[in-house]
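> Spelled out from the first residue to the last, the chains are:
Protein chains: 2
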Amino acid sequence: MTITDNPVRNGVDTATLFATLDAVKGDPEIAKFRFRATNTWVSGTHNRSTMHGFYGAKQEMAHREPFTFDADHPPVLVGSDNGPTPVEYVLHALAACLTAGIANIAAARGINLTEVSSTVEGDIDLMGILGLSDEVRNGYQQLRVSFTLRGDDPEKLRSVVEQSRRRSAVFDVVTNGVPVSIDVDAG
Amino acid sequence: MTITDNPVRNGVDTATLFATLDAVKGDPEIAKFRFRATNTWVSGTHNRSTMHGFYGAKQEMAHREPFTFDADHPPVLVGSDNGPTPVEYVLHALAACLTAGIANIAAARGINLTEVSSTVEGDIDLMGILGLSDEVRNGYQQLRVSFTLRGDDPEKLRSVVEQSRRRSAVFDVVTNGVPVSIDVDAG
Chain V
0 MTITDNPVRN GVDTATLFAT LDAVKGDPEI AKFRFRATNT WVSGTHNRST MHGFYGAKQE
60 MAHREPFTFD ADHPPVLVGS DNGPTPVEYV LHALAACLTA GIANIAAARG INLTEVSSTV
120 EGDIDLMGIL GLSDEVRNGY QQLRVSFTLR GDDPEKLRSV VEQSRRRSAV FDVVTNGVPV
180 SIDVDAG
Chain E
0 MTITDNPVRN GVDTATLFAT LDAVKGDPEI AKFRFRATNT WVSGTHNRST MHGFYGAKQE
60 MAHREPFTFD ADHPPVLVGS DNGPTPVEYV LHALAACLTA GIANIAAARG INLTEVSSTV
120 EGDIDLMGIL GLSDEVRNGY QQLRVSFTLR GDDPEKLRSV VEQSRRRSAV FDVVTNGVPV
180 SIDVDAG
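Listed in order, the protein sequences are those of chains V and E. Letter by letter, the first sequence follows residues 0 to 186 of numbering that gives the first Met the number 0. Letter by letter, the second sequence follows residues 0 to 186 of numbering that gives the first Met the number 0.
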């Protein structure tokens, strides 16, 4: 592939992207990241997270500003609707990760995009989290992602989505699961 | 347990919470929810999701306003830092779900909370998503949640966290995984 004709494609600086890949190949320690969110309870099901600092490329770094998000339950789930539910943020994370991957991979392959839009739906039976059934799982039973892509050759676009799925961090987490430890300081 | 002395505890309307549980016991169809996020690519790794409508309690419903969130990569990951990364939203979703559960369960048990705060950290080795190693997974390798709770008896507070973990939708999704299907309309 040639990148010299247009180093920025789909808004992706492919020259920097390839330089980053080369840097990581030369020193895999650069690739070890640690992300972080802090959360504070407000009232009832309403709480707020901030994402600011993270570790990566062998140093402590920070987003250009603290990003703050509210989560809550809607009234039908006995909340005050000050934000989306936690489970909706999972849908957003999945769509966002796959879409970022699509833009990067298309750019790396020299494929132009004019539109990427998606809808993610998740089915959940609240009999689980309400403690009313031990046979119903707590989380989503099924997630469905529907992508619409416009740009170059449709076959190439489909193959970009497939490669994004194969290399998506959130798709991996959501489909395969991750060990989670919980510590409690109660006093 | 008695709920008549204080129907609102920790900002949770326990009378409505118990009424909701009774309603679902009487008609399990009420518990079948479908959440939804729509996402639109902006440029590069920057994209935006909206959560507004959802299905639940046997009808199409909506949040009181559309909630819109940007995701992006920071400059070190060849993005423009217009929002947190998709993987950071997963940390937020996990903290938010566990915290909402803590508030609800404590209220249902008549336990008062004065503080619930948490930090969620996730370790990720980008050799996976960069396609530089087939032995490194794409997603987080480990998540750690640290809670600080203040309020009534510490033993009771710890038991509330444990029950929230047992009934958290996002904890279930993140630890056990969910089937995800992806459809593509490319043209």
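Hints in this document: simulated from the structure, not taken from any laboratory. Take these hints with a grain of salt, some might be off.
Stated by the list, open to error - Only pairs whose alpha carbons sit at most 25 Å apart, straight line, appear in this in silico SDA-like list of lysine to any residue: (1) K57/V <-> Q141/E; (2) K24/V <-> V179/E; (3) K57/E <-> S79/V; (4) K31/V <-> G130/E; (5) K31/V <-> D133/E; (6) K24/E <-> G130/V; (7) K57/E <-> V179/V; (8) K24/E <-> L129/V; (9) K24/E <-> K24/V; (10) K31/V <-> T118/E; (11) K24/V <-> K57/E; (12) K31/E <-> E64/V; (13) K24/E <-> R136/V; (14) K155/V <-> V179/E; (15) K57/E <-> G176/V; (16) K31/E <-> K24/V; (17) K155/E <-> Q140/V; (18) K24/E <-> D122/V; (19) K31/V <-> V135/E; (20) K31/E <-> G176/V; (21) K31/V <-> K31/E; (22) K31/V <-> K57/E; (23) K24/E <-> Q140/V; (24) K31/E <-> E120/V; (25) K57/E <-> E134/V.
In this text, all values refer to a predicted model and were calculated from it rather than measured experimentally.
> Each hint: holds or not?
Hint check results:
For the hint linking K57/V to Q141/E, the alpha-carbon distance of about 18 Å falls within 25 Å, and the restraint holds. At most 25 Å may separate the alpha-carbon atoms for a hinted pair to count; K24/V and V179/E exceed this at roughly 31 Å. Between K57/E and S79/V, the direct Cα distance comes to roughly 20 Å. Compliance with the 25 Å bound is thereby established for this hinted pair. The hinted pair formed by K31/V and G130/E meets the criterion: a straight-line CA distance of about 14 Å does not exceed 25 Å.
Of the pairs offered as hints, the one joining K31/V and D133/E holds, with about 15 Å between alpha carbons and a cut-off of 25 Å not exceeded. Using a Cα cut-off of 25 Å, the hinted pair K24/E and G130/V holds, with the two alpha carbons roughly 10 Å apart. Taken as a hint, the K57/E and V179/V pair is broken in the structure, with Cα atoms around 34 Å apart against an allowance of 25 Å. Between K24/E and L129/V, the direct Cα distance comes to roughly 10 Å. Compliance with the 25 Å bound is thereby established for this hinted pair.
The straight-line distance between the Cα atoms of K24/E and K24/V is roughly 56 Å, outside the 25 Å bound, and the hint therefore fails. With a C-alpha separation of about 19 Å, the suggested pair K31/V and T118/E falls inside the 25 Å cut-off, and the hint holds. Distance check on the hinted pair: K24/V and K57/E sit about 53 Å apart at the alpha-carbon level, beyond 25 Å; violated. With a CA separation close to 38 Å, the supplied pair K31/E and E64/V exceeds the 25 Å bound.
Restraint check for K24/E and R136/V: satisfied, since their Cα atoms lie roughly 16 Å apart, inside the 25 Å limit. Pair hint K155/V plus V179/E holds up; C-alpha atoms about 22 Å apart against a cutoff of 25 Å. Distance restraint check for K57/E and G176/V: the Cα-Cα separation of roughly 30 Å exceeds the 25 Å cut-off, and the hinted pair is therefore not satisfied. Pair hint K31/E plus K24/V does not hold up; C-alpha atoms about 47 Å apart against a cutoff of 25 Å.
With a C-alpha separation of about 31 Å, the suggested pairing of K155/E with Q140/V is violated against the 25 Å cut-off. At roughly 19 Å between alpha-carbon atoms, K24/E and D122/V fall within 25 Å of each other, so this suggested pair holds. As the CA atoms of K31/V and V135/E are separated by approximately 11 Å, the hinted pair is consistent with the 25 Å bound. A distance of roughly 23 Å separates the Cα atoms of K31/E and G176/V; the hinted pair therefore holds under the 25 Å criterion.
Distance check on the hinted pair: K31/V and K31/E sit about 40 Å apart at the alpha-carbon level, beyond 25 Å; violated. Using a Cα cut-off of 25 Å, the hinted pair K31/V and K57/E is violated, with the two alpha carbons roughly 45 Å apart. Annotation: proposed proximity of K24/E to Q140/V holds, straight-line Cα distance about 20 Å (limit 25 Å). Distance restraint check for K31/E and E120/V: the Cα-Cα separation of roughly 13 Å lies within the 25 Å cut-off, and the hinted pair is therefore satisfied.
The suggested pairing of K57/E with E134/V holds, with an alpha-carbon distance near 21 Å, which does not exceed 25 Å.
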